[in-house]
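With the hints as extra help, turn the sequences into a complete structure.
Those protein sequence lines, which keep their order, are chains S and R.
Going by our numbering, the first sequence opens with residue 4, and the numbers climb by one from there.
Going by our numbering, the second sequence opens with residue 4, and the numbers climb by one from there.
Hint data in this document are derived by calculation from the structure and do not stem from the laboratory.
Heads up, a few of these hints could be off.
[Claimed, not checked] Partner residues are not named here, just some residues of chain R that face chain S (Cβ under 8 Å, in silico):
#1 I146
#2 G210
#3 A270
#4 P350
#5 H352
#6 D413
[Claimed, not checked] Heads up, simulated SDA-like pairs for lysine to any residue below, C-alpha to C-alpha not over 25 Å straight-line:
#7 K338(S) x D228(R)
#8 K330(S) x R243(S)
#9 K338(S) x G237(R)
#10 K349(S) x P269(R)
#11 K349(S) x E301(R)
#12 K367(S) x K349(S)
#13 K250(S) x D360(S)
#14 K330(S) x G267(R)
#15 K55(R) x Q299(S)
#16 K55(S) x R243(S)
From the three backbone atoms N, C-alpha and C, an ideal C-beta is built for every residue, glycine too.
There are 2 protein chains.
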Amino acid sequence: MNSALEDLLAVLRFPSISTSSENAADVRNCAEWIAAKLTGMGLSAAIHQTVKHPVVVAKSKPQPGKPTVLIYGHYDVQPVDPLDQWQTPPFQPDIRDGRIFARGATDNKGQFMSHLCGVEQTLAEHGELPLNVIFLIEGEEEIGSPNLAPFLREHRSELACDIIAISDTGMVAPGVPTFTYGLRGIACLEVHVHGPTIDLHSGIFGGSVGNPNTMLAKLVAAVHDAHGRIQIPGFYNAVRDVHEWEKEAWTKLPGEAETLRLTGVPALWGEAGYSDLECRWARPTAEVNGIGGGYQGEGSKTVIPRSAFAKFSFRLVPDQDPDDIIKNVQTFFAKMAPDCVRVEIKPGHSGPPYSMDPHSVYGKAAQRALRATFDREPALIREGGSIPIVQSFNDILGSDTLLLGLALPDCQMHAPNENFTISNYEAGIRLNRRLLQELAM
Amino acid sequence: MNSALEDLLAVLRFPSISTSSENAADVRNCAEWIAAKLTGMGLSAAIHQTVKHPVVVAKSKPQPGKPTVLIYGHYDVQPVDPLDQWQTPPFQPDIRDGRIFARGATDNKGQFMSHLCGVEQTLAEHGELPLNVIFLIEGEEEIGSPNLAPFLREHRSELACDIIAISDTGMVAPGVPTFTYGLRGIACLEVHVHGPTIDLHSGIFGGSVGNPNTMLAKLVAAVHDAHGRIQIPGFYNAVRDVHEWEKEAWTKLPGEAETLRLTGVPALWGEAGYSDLECRWARPTAEVNGIGGGYQGEGSKTVIPRSAFAKFSFRLVPDQDPDDIIKNVQTFFAKMAPDCVRVEIKPGHSGPPYSMDPHSVYGKAAQRALRATFDREPALIREGGSIPIVQSFNDILGSDTLLLGLALPDCQMHAPNENFTISNYEAGIRLNRRLLQELAM
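In structure tokens, the structure reads:
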């Protein structure tokens, strides 16, 4: 375990923030470390440069006639702000109370490294693997994997596989093995409201100039009604109903009380008529991830700002199409835009929602590996987050994806003090070793 | 004129930003320069430290039996952001096309310095002044003059005067002398919406956690109806109607077309039933000077932020009371606040609206000085901005204030590339010299 932990700490030291152009060299260096590690394990590894950040691909020694599992992960991470809320620096991993604190600890370095170390230990013990393994570790997941689908198309035959395994999802509670068979999709866009050519004195011009902050607030406020229902025409058209067996199964999982505890909000919110888990896993959302306009500093500055923005992300469920959603949103805001300002919509990254049959052959094999590793019946869930590439795998490689999450509810993903428990890192390594066996049967 | 211009450039070089605690020493240094200048002119000048920034007071040699004019100005300035939009650095004054570009050029260093240089030239020419002059130049106007009213109370007898003169308002057009008899008041407050204890992953928790950005937008959006009318109960209760003679007089002034040209907005906005000038001068407003929450950087970061804020300023007209307005706003937001977040209101600085009789003895004297200086009939106007201290002068010293503005419509006050024309600086010096004569009669 010591060398596996040292390896994880080494990977966590790279500030591989994919959205920040300043960190491009760090991203590259992280890819090179991973490729060197895989090569050292005896796999044939290569770094493929894309338009932006590189993809690492490594293949075990071919064993014809045996099935092939492709293990996907991503070595890029989210930005770290607000930096002042971290107890220790995000790229100097710190171990406290059995947890490793660092940006990327759970999402996704800790999780893909457990697979990598599981393969390493299997090879060390048996000299060979029970099936063919391909690692595909990319550097653009946190910006929506813009270059991975083209990469998959280009390398389709090289990446041919029977099944895909990803650990980038959550466990419903510590110790409860969790098999995820559905993910929400995502569609991002920015709304920019442009008003006067310069920031104006709000005393001199206030009253006859539309304030971009106010006009933006009116657009944002119109997105939801008082019951949490999204008001964009056509938004719910393609939404599939939640199955009754899912509703039933989810009532046994930690729900509202746990969400209140984890988030610290005074009361939950959500679309009327749906439970906490249904709202988070099986219903679409519209979130403003960032809003800004005018004076941001200390004290007051009495201006009417020249512009204001809102960064939206919509989480989508089967069978919503991200392109359709973006069109609907554009139409909605364009119709609402008052004539005193100019409203600009900038579409961002997107990815479709995903679902698979949890009762398929490989689905059952994965559940056996989970059961054996954690000695407990796995929970069958969907998840609210998005891994857009999962649908691309399905479309391009024709394979389903097994989502074997190791993230704990309090891992602080995307937030300050992100962490991964050492016990889950160890369990992840054991899970990988068992998974290789179960999938080979 | 050369020495007057050099003096103005020297004052403009001090980055005397009163809202920024980093600039406290610059503010102090600026006060010391002004006091030294006034002492050099033969006035008895003193720097009075307040809790925050100092006040400069200077008095001419007492001439018993003659009236006393108190000339007020402020040497503090607004912040400079967005800095990248300045063509030349804000505290390195640059002369281009007959204009001096610098933060504070018009607001208010250029304007109070024209009075100071007018007094200097009168003394140089005649050896004495036709009346008693008190200069009161403060350093906290841009943060709402929190310490000036207490200072006036403490120094009431020392500052006793017959009339007050201030140049800190605008001219309706270049070359048109402008006498302002009314100002809007101001009431500032910040609304903070607190949600989860940390920024949350918007995929994992989105759907059952209220987003502070969205909840804030709903509060902001509720402030105005679709006709630009403020929806806060009681907000308009104390508002005095616009006089018919004012409505009539203002139709002759540059209006909508000029406002469109100056601001560059695609269309004007405003309270239904009122003209552009009525909306800006005689009707109250609610402006969001700054809004912010969540991710502000490049690209996307899919979070539900822990909090969001809006910085409001309300412009008030006679006889609205700032304290009443702040109470009404607090009640309005408290009632609207959804239970999924905690809404916090932080009241900021405030000041009452002001009006005087433009046909009083000193009002007419000031209009004669304006007429003589610009060789044209003065426009009688109100102004949309706030000089809260004007009402305090009235309350504490018992004197009216003559508002003799020299700011041009395109002077970019509070914005990048603030400027003051050299010709208006010269006119301001001549205006002061004539004003001293007219007030002495």
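Hint check:
1. I146: holds, 6 Å
2. G210: Holds, because the Cβ-Cβ distance from G210(R) to chain S comes to roughly 4 Å (cut-off 8 Å).
3. A270: holds, 4 Å
4. P350: violated, 11 Å
5. H352: Holds: closest Cβ of chain S sits about 7 Å from H352(R), inside 8 Å.
6. D413: violated, 10 Å
7. K338(S) x D228(R): holds, 17 Å
8. K330(S) x R243(S): holds, 20 Å
9. K338(S) x G237(R): violated, 32 Å
10. K349(S) x P269(R): holds, 20 Å
11. K349(S) x E301(R): Measuring from Cα to Cα gives roughly 13 Å; hence the hint holds.
12. K367(S) x K349(S): Judged against 25 Å, a Cα distance of about 42 Å means the pair is violated.
13. K250(S) x D360(S): holds, 16 Å
14. K330(S) x G267(R): violated, 29 Å
15. K55(R) x Q299(S): Within the cut-off at roughly 22 Å; holds.
16. K55(S) x R243(S): It is violated: about 35 Å lies between the C-alpha atoms, which goes past 25 Å.
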